[in-house]
Every structure is written in C-alpha cells, then in structure tokens.
Amino acid sequence: MKTLPASCLPLILGVIVLGIPACSKKAVRSGGDSQALQEEMARGERAKGGAGKEGANSSFPDTSFSGRDDANSLRGLDRNPSEERLGGNAGNGGTSGGAGHTNAMIAKADSGAAARQLAEIRAEQVASVAAGLRDVFFTYDSFSITDEGRHALSGNAEWARSNPYAQLKIEGHCDERGTSAYNLVLGEKRAKAVRNYLVELGVVPTHLSVVSYGKERPFCTEHTESCYSQNRRGHLVVKTGK
Amino acid sequence: MTFRAVVFVSLCVSIGIAWIIESGAADVFLEATRPDFQKIPLGIAGIENMGGSESPEGRVKLGTRIEDVLKADVRRSLVFTLVDLPSLGIKVSHLGAEPDASFKQAAENGVSVIVWGKAGIKGGNKDADLSMDGYVYDAGNNEVVGGKRYIGSTSVARLMAHRFADELVFRYTGEPGIARTKIAYVSELGTARELFVMDYDGYDPRQLTADGFLNLMPRWSPDRRFLVFTTYRNRNTQDIDMIELATGKRWTLVTQGGLNITPALSPDGKALAYSSSHEGNAELYRLDTHTKAVQRLTTNAAGDLSPSWSPSGRELAFTSDRNGGPQIFLMSADGSNVRRLTFDGDYNAAPAWSPRGNWIAYVCRTPKKEYKLCVITPDGQKHLQLTTGLGVDDSPSWSPDGRHIVFSSAVDGKSQIYMINADGKDLERITFTGIHNSAPSWSPAS
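From first to last, the protein sequence lines stand for chains A and B. Note that our numbering numbers the first sequence so that position 120 is 390, with each residue one more than the last. Note that our numbering numbers the second sequence so that position 367 is 1141, with each residue one more than the last.
It is possible that some hints are incorrect.
Covered, in the sense of this in silico footprint (three residues per stretch, anywhere, with C-beta under 8 Å from a C-beta of chain A), are these stretches of chain B [as the list claims (entries may be wrong)]:
id : segment
1  : 839-853
2  : 867-878
3  : 997-1010
4  : 1118-1128
Worth flagging that the hints you see were computed from the coordinates, not collected in a lab. Using N, Cα and C, we set each Cβ at its ideal position, and we do this for glycine too.
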C-alpha cells in the first residue's frame, strides 16, 4: 500500500471531522474504565491462568490453506462419464476415497453437560438470592449507572465487604435489539461500570469478576419496552463453582 | 421485499475515497458476473424415475426429488435462468442418452442448455445403491456435451443433485458453484446455544457441540476442515475454540481474561483476527496460526470488534465505537492505515467483506431504529439497504461466489436464517426446524 500523500491529509481529516456529527446519538459514557484497574484485573487473570496460559494456546494445528481439496473437487462433465461414487451416508461433499472432511459432523455429546450447567446456575441463583444482591438496570444504548443503580450497588457493596471470602460475578446483559457481537461489547461495558462502582465503594477488585452475555441470555422474552428494560442489566451473582 | 437503493453522495467522502482507490485497488476485483451478464436459459427436461426409485420416506420418488433439488440449485446459481419447457410447447417424448427430437425446437426458442437424466436402484433391491445419470445438451453445439453417473446410498440423493448443479456452473463459468457448500450456525437447545452445520439450502442440519451453555459466532477455515468460535468455558470466561468437523476434536486458540469474540481466519488460513478485552477494552488482535505469535492491531479507549478479511488478506473491515455509536472501519492487516467507512446513520456493525471484494455487507440501523442489512463498496461511494421490515437482521455472511448473503433475522426475538441475493432480490428462509437459529457463516467452496 502506498503511503498517503501529505497533501491529502487535511482532506481525510476533514472527512473524519465531518463524519462525526452524523452520529447523532452517541453511547452515553460513564466514568469508564480506569486503565490502572483494567491492568490490575488483567494481571490477576493472567496470574490465575498460570505460566504459558497467557494469550494464545500453542498446541492447535496449523490452519494454513494449502490449496484445493482434491477429494471434493469437481471432475467435470464427460462425454463418456465414468461412475462417480458419492461418499457414505453422511452427506459430506466428497466422493469415495476422499478425505470426507465433513463426514462425521456429529456432536461428541456430553449428555450430562446441559444438566450440570443448569444445576450450577441454580446453585448460583440460590446463593445470590440468599445474599439479597440487587441488579442494576440501564437505559437503551447506555452503560452509565443510574441513581437507582447506585442505590442498589451500595447495598451489594455492603454485603461484599461483610463477606470477604465471597467471589462476586457481574454479568452484563442487553436487550434483543442490535447485533449479537456489539451487544457483547456493550454488555461488558455495563458489567465493568458496575464493577468499577463497587470498587469505588470499597469492594476488593480481586473479589469481582465480569462476564458479558450480550443479548444471548435474556431474563425476559417478551418484545415490549418493559421487557427490554429488564434485559438491560448488570446481574450480580455469588460464584459458587469455579 | 422491496429493493431500495440509497445513493450516497458526499464530496468529502469521495475525495477520501479517491485515495483509497489509488492505493488499495487490488481488493476491488472485476466481477465475473458483470451488470450486463446475461443468465443462460436452461431447461430441465426431467429426471426420470427408474425401477426402485421409491424414496425410503415414501411420497416423492427419488428421481423427482433429485429433479426438484436440481431446479432449486440451478435457480440459486444465478448463472442460469430456469426455463419451463412445457410452457414453450416443448413435449419431451424420450429421455435417453441421445438428445430428444424436441431439443432442437427448444433451442430455436432460445433455450441454451437442456438437462435431463434418470435415477433408480437396480433390481429394486432396497439395500442396493441408487444410481443417477445426468446429461447436458448444448444448443450451440446441437449435441450432448457431457454427462455424469453418480452412485451412492439413497441418503446422498440430494448430494447427487448438488454435485450435478455445480458441474453445470463449472462447465459454463469455470467457478465451482455453491450447491455443495455448507452453512455453520448457532441453534438454541433448551437454555444452551450449540453449533450446527447444514447444507447451503437448509437441509441436513447436524449438531457439532453439546456443551450445555453458550457457543457463539462460528467462522470457517479456508479449507473447510475447521470452525473457529467463541465458547463460554465454565460460563464465566470466554475462549476462542476451534473444532474439526470430521472428528469433533477441539482446541482452545485463545484463552485469557475478558471478552474474546468474533474470530475470523484469514483467506490463507495463516492468521486469526479476533477481538479481546484482556488488556482493558475490546481491541483487535492477530494470531499467527503457525508461530502462535500475537500482534495487537488497535489501541484506543473504545470497542473494536468483528474483523472481516478482504479476499486478498491485506485488509480488515471491523466495527468500532471510537466515534460514539458503532461504525464500520477499514485498516491494513497490520493495524495501520485506519479509516472510517460508514457515515450514514448512528449504528453500523457486523461487516462481512464479499469474496469478490467489491462489497461489504453489514447491519445498519435505519432512521426508524430497525436493524437491517446494508452493503457498501469498500471505497464508500455506493451503499444500498437490502432488507426492509420489522425483523432484527444480524450476522451477514457471503456465499463463496459473492452472489448471495446469508443472515439471521429475528421477529419477536426468535431468529431464523435467510438468504438473499447480493442485489436484495429472492429473499428465502432456509431454517425451519429449531426455535432460534442465528449467526450463520457460509463455507468456502470446494
């Protein structure tokens, strides 16, 4: 790629500056993440992960593309067609003798997985209700904590301070509008806004973890504003398992 | 479905773009199907039901089923126009290895290609193999230019049609066709979301994971052997995993604190771009799949996510909210040369770069606050809204021929998967089982 001619720079900057007013509705920013806190949390996570767990795993196969997949490729129409045997009963794209890449395509089912997950979620719910933890709700597109949210969090902070061995998980949730991917980012901003406020209230940062579920685990499944507002939430959970 | 074109004219943008064209033109390929491309008129004279062609499921005979699949494949190829021969007064009297007398008459009526065949099981023995013969008559040559004989169990009847359709596309365009491609997606099972793969037309869904929690946003490896996706390990941490389709074997590619989402392998498979918040907020990273080295691509206080590779692998489109709401940006694959692509509206996300390079599909929020499918050229000069209506559209992914987009659309919160032509025509729902199907990803062709 050629470098940008210097004479064009003011024009490009102009484009960017002119473009900004098009965003009539900006996301409302809360106090945001304190970078120092972020780094502290990141270090904590890395320490928990242990040596060698930082960043990428080193043992997965190379995914470099070496070219066309001969087993599955077309053989062309033929005036005197030879028989072409199509693979097995698995509906793979391949012919016999080929690698049949997509041949198996059946889950290595851990039939107990769903039940185990549900049991753990229920245990967390029970512990969270017993602790009297309250959730925080957000307005559309926003991750700033409302006065009502601050009130709820002061109660939660008090509980956390008097239960110093408890690990709290803060889940960020969004309503069903918008894209799945961006809602994961928005959910994390909400969860971190909650965490930062709890830390301001004196909760030890290492007792708090955040996770974003975006719009993937809604509390309310109707399609009304009252339901949407239930789903824009920072949900506090007492961690009972790992 | 109405097709609404929004012509976007902005002097400042076009000036900025002029430079992009000059410097990054290699990613804008000439489309094999130019706007003046004339579809080839093709008639299907029939796939005759031979002995033993009763389908195991009863009802429709195997030859008829293959013919129906072939017709749908030919229609979706967008290379051919399917001609209804009876409506031209063409009465086919005999379907053998030789062209029927009526084919010449069809050719005089403008039909360029006629396809026919037969399917059946020798001896009607239900344990024996299904055999399908297909023939292709070319009006220009006035002769049978080729054929195929497929043998296999009755369970591959649809695959016989798909392979034959792809052979037709290959014969007339030199491209491999899309009828044998697959779509990976996420389907809700109870409280969990698991990975599935189905044929490109929505048939034959197969479950890949059974974790009992959340698996999100699968993307294919260029050799179609693997999917990369986000998984919630122990519900509390997000990792990026890879699964091998043939074996179900899994590897963790990225495991660190924070959000780890929207993985995408480069067209050469040598790099994985993804978004991670382990250093604070969501930033884009690039993992070398051979050396396993990680390079950070973005540095700012906002969220950067959803990287999508240009077909050359030299550029990435991505979502960033560095200017407030989410917008689409472009940058070089090393993180340099960042520029904003979308300026219309306050919410544009989930970019998908076409395999032909000439369009980027994305989700745009309309003035009515509806989340619809839009496409924009990488130079920002043209953009179009492809869908209208109530559904929340998400996760566009291109067919490998660049002629279709698969996406999810949710009405009342429950999402199903649809495909649409790149010009906004022929909207077609392709998932009918499962109450919530989302995050489709179209496989490369083989």
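Cross-check of the supplied hints:
no.	hint	verdict
1	839-853	violated (count 0)
2	867-878	violated (count 0)
3	997-1010	holds (count 8)
4	1118-1128	holds (count 6)
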